[in-house]
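Asker: Chain residues, written in single-letter form:
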Amino acid sequence: MSSRTRPLAVGALGLLVAAIAFPFYWAVVASLTPEATLFRAPSLWPREIIFDHYRALFDERAFWLPIRNSLIVAGLTTIFCVAVGSFAAYAIARLRFRGQSAILGFILAVTMFPQISIVSPLYLMLRALGLINTFPGLILPYMTFAMPLTVWLLVGFFRQLPRDLEEAAFMDGASRWQTFVRVMLPLATPGLATTGILTFIYCWNEFLFALSFTLGPERQTVPVAIALFRGQYQVPWGEILAAAVIATAPVAALVLAFQRRIVQGLTAGAVKG
Amino acid sequence: MARIVLDRVSKAYPNGHIASRDLELEIADGEFLVLVGPSGCGKSTALRLIAGLETPTSGRVLIGERDVTGLPPQDRDVAMVFQSYALYPHMTVRENLAFGLRIRKMTRDEIDRRVEPVAGILGLASVMDRKPAHLSGGQRQRVALGRALVREPQAFLFDEPLSNLDAKLRIETRAELARLHKRLGATMVYVTHDQEEAMTLGDRVAVLKDGLLQQVAPPMELYRRPVNRFVAGFIGSPAMNFFEGALERSGTGWRFCGRDSSVSLALPAELLPAGEARPDGGTTLGIRPPDVRLDPTGRSSGWPARVSVVEPIGSTQIVHCALDGDDPSALIAVVPAELHLEEDSTVGVEFPPEAIHLFRSEDGARLQARPAE
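Those protein sequences? They're chains A and B, same order as listed.
Letter by letter, the first sequence follows residues 1 to 273 in this note's numbering.
Letter by letter, the second sequence follows residues 274 to 646 in this note's numbering.
Hint data in this document are derived by calculation from the structure and do not stem from the laboratory.
Computed from a prediction, not measured in an experiment: that's the story for all the values here.
One or more hints might be untrue.
Pair by pair, the computed Cβ-Cβ distance ranges are [said to hold, decoys possible]:
#1 A:PRO7 x B:PRO601: 56 to 64 Å
#2 B:GLY410 x A:PRO121: 55 to 63 Å
#3 B:MET379 x A:ARG260: 30 to 38 Å
#4 A:ARG98 x B:GLY313: 53 to 61 Å
Just so you know, even glycine gets a beta-carbon here, dropped at the ideal spot from N, CA and C.
Just need the whole structure built from these sequences, with the hints factored in.
Answerer: So, in structure tokens, the structure goes:
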């Protein structure tokens, strides 16, 4: 990059970061502002910092419950999806069998249904199975959209791995299974991490299914809980924003912790013999 | 160690490409056989058929006395060195070397007993705990080789293992491979597109083209007595000169008359065995560049040629000559560096009859029965 275009690029980058980060910053500021001053002339800096909203969240609303629920549902969905999805993706990427592209197309087609169109049938199925208001009752429907995503991403990662490596493992006497576990999976870790995080974020943010398939606070996830803060006569904006900040925190932490891995994953091809 | 037999092996891919046609090849126990040919000739397929990475459409593959045609690569007990090396990037050199032994459930002691000496021979002892990404190209190549050696397999397969090395390292490693083969006395099958590599390494060299085996013979026999025009042109560098023409009876001997060139010379009767039918479709005359004689005085009995380019390469020089046509490289000769040749000068050309190869034009088959020596 030439020295003349550099400041321009840095400026554009700054603008982009500001546009993305500002709403979050605004939420943080608001969550620290007393309810009474929230709707006065807005200020970029919190004039007075209070933690009342956060305290109320845990003392009065037992917010740890939806957090626990969300962690369980999103965590287990991610683990299942990555575990099962990696087998499926490896098979599609590497084995030769009939209807390969049809299967991949079908998996993609599943994600094309608008969520709202499958809520009712899913509800009926889950009720018949007695899974309404249970963790499996959320994890199973989540797989419908998380699994295709996982498989699609991982197929891409497995396809990038050089075929020679696999054949070298065969020549070394490793079975398909050993080759998968000891050679292919370790090399796909960046891909697995990226996929896992994306799946986790999707599940963590999911609202419609979580609202439809849970009945009470003991199974409600974070987005549902936040949406239901709204009372009959007032909207507790301070608490809603405090909850939003808390809900964002684990995702942000995850991404920061695995940042290097994600970048590696997205720029893969870094796998060279 | 074991012999390897390819018994009328054919391989057709689903897209209709035929990579191997009735390949018949026997590799003796302890032999170093090189498969050579232009890209797409099926040499890699042949190697992969032995490895078990491809299954033949028809025919049998034997390793030792065992029919392994239907066996997967895991059960064939052969090791392979890949062109890309295919080192496991997430493992250290030590782990890479030990991988095949671990899979076979060897004890740690046994693994060490095999890995350490191999690492020593290949000069890898100081980099055992590094990952492949932190090795030089030559070191990676050695690890790939070492991974095959520790296995102590029935046979070694090499798929263009030197093609990613620079010229100097390639020649060093080539010599090292030759030493290794002598020392281990192991059966080795080696694929390359480089005829020089094939000539220097192979006990025997198999030349392939379009999935068909052209000739399999010791290197010097390939050079001296190629069975057809393709082999003649492929083996040897610079490549053999070819001239199209016709053979005619001339007294007790023969006369070759060039069709598009002034090449015309009398050939002794011994060159073709008596009674050999005169080929109707025309004859191709071939002569290797080092066999061509150039006379700068132009006074020889030969015919004239104009020197278009002289390329000195040290002890010899490569001379491109134009005959009567427009092609400035119609004839290529390799002559001693001492011979003083001016570009654009006219020289006299002579082909010693004993160095001449004759091929039937229509299918390229060799006409002479005896070696031209």
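Asker: Evaluate each hint against the coordinates.
Answerer: Tested hints:
no.	hint	in the structure
1	A:PRO7 x B:PRO601: 56 to 64 Å	holds (57 Å)
2	B:GLY410 x A:PRO121: 55 to 63 Å	holds (59 Å)
3	B:MET379 x A:ARG260: 30 to 38 Å	holds (36 Å)
4	A:ARG98 x B:GLY313: 53 to 61 Å	violated (28 Å)
When the structure is compared with the earlier hints, a violation turns up for hint 4 alone.
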